[in-house]
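Spelled out from the first residue to the last, the chains are:
2 protein chains.
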Amino acid sequence: MAISDFLASGIERLDRQLLFTAEIDKMTTVLRRTRLLDGSRCENDAEHSWHIAVMALLFAEYAIEPVDVSRAVQMCVVHDLVEIYAGDTFAYDVVGNRDKAERERLAADRLYAQLPPEQGALLRALWEEFDAMETADAKYAACLDRIQPFLHNTLTEGYTWRDGKTDRAAVEKRMAVVRAFMPTVYAWIEANLDRSIAIGWLRA
Amino acid sequence: MAISDFLASGIERLDRQLLFTAEIDKMTTVLRRTRLLDGSRCENDAEHSWHIAVMALLFAEYAIEPVDVSRAVQMCVVHDLVEIYAGDTFAYDVVGNRDKAERERLAADRLYAQLPPEQGALLRALWEEFDAMETADAKYAACLDRIQPFLHNTLTEGYTWRDGKTDRAAVEKRMAVVRAFMPTVYAWIEANLDRSIAIGWLRA
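Order-wise, the sequence lines are chains A and B. Take the first sequence: its position 21, counting from 1, is numbered 21 in the working numbering, and each next residue is one higher. Converting from the second sequence to the working numbering requires adding 204 to each position, the first position being numbered 1.
There is no bait here: all hints are sound.
Have a look at the derived ranges for each label pair, beta carbon to beta carbon:
#	chain 1	residue 1	chain 2	residue 2	range
1	A	R98	B	D242	27 to 37 Å
2	A	E102	B	A305	44 to 54 Å
3	B	A305	A	E128	34 to 44 Å
Derived from the structure by calculation, the hints contain no laboratory data. The beta-carbon is built from N, C-alpha and C at its ideal position, and this holds for glycine as well.
Make a model of the complete structure from these sequences and hints.
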């Protein structure tokens, strides 16, 4: 592809929106550690974001506080956009997570400056809310962001846990928001942790 | 993967929701004709659905009627789910489009039966509304569903138009909803059609 092939519309605002749309196609090239369920390859950020957006329509009943599903869906579709420039930081990568916040802030500056200002601010606010995990909608979206790869791991023989560095305590820490905000689903997670350790998919 | 590895939660409703979540991962294997912008491969339905869901947050100002953006985003994330069983029907495939409606209806029966009934009905209603293209929200989502692959084509030298069967009239027919519902964007489409024919990316 050549972005130089882009034909300007004559309306600067529309051009920005179309070019931003083209730019975020790069989400398809940001690979995660999660394996697709057909085992063919690792999932990318576009696929993951879509997957949890659909989940947002289905799991609100397990949240301990009322959730605005439509806001959560929107948060899900934009929550990883900064990774276009900041890259995906593996949840269990201790070193990579040290400067994650700073890398993502700089990425957000760069990404959202490409949109008309009030639209950049809107998408950025959704991401910041997600990242802060303080509102009910953000906690719900964060839970889905944890449950989806967890489900994948239970169906791919613990694929992403087999790096030799991930143990039960690390997964429990990552799943803490689910434990607190969606305890019914957490009971299922806990049973899976027990089994995964018994089978040898995850270190105790 | 083995879906037989799924550990039941003891709550039938939750199991259905989790298994449905696993099932729709198959969207990552439904390939479209659209090329990713890095040229590496064809886009899949999960990526496409995510992409137009983000667009739904950005382009409502060009719709000739007020649009409920949050409903449109939801419609975008579910609009192609039936293709898990019905497959993607190329927009310019005349034969494939003859029995598309019937194939997709059967696919919807099969897919949505896997969810708790009221959730299956909710997702199906969103898809049916999208497909009927009668409400403003559905027309808006349908426009995005056309604009996104069109944008990709303009940035990949008309990749999907090079099947020898697609001509300007076919693309114009496909873009009719944009012409009617988002005329400002359609002006940009028309200019691109002129250029694409001049360059030889599209047959006149």
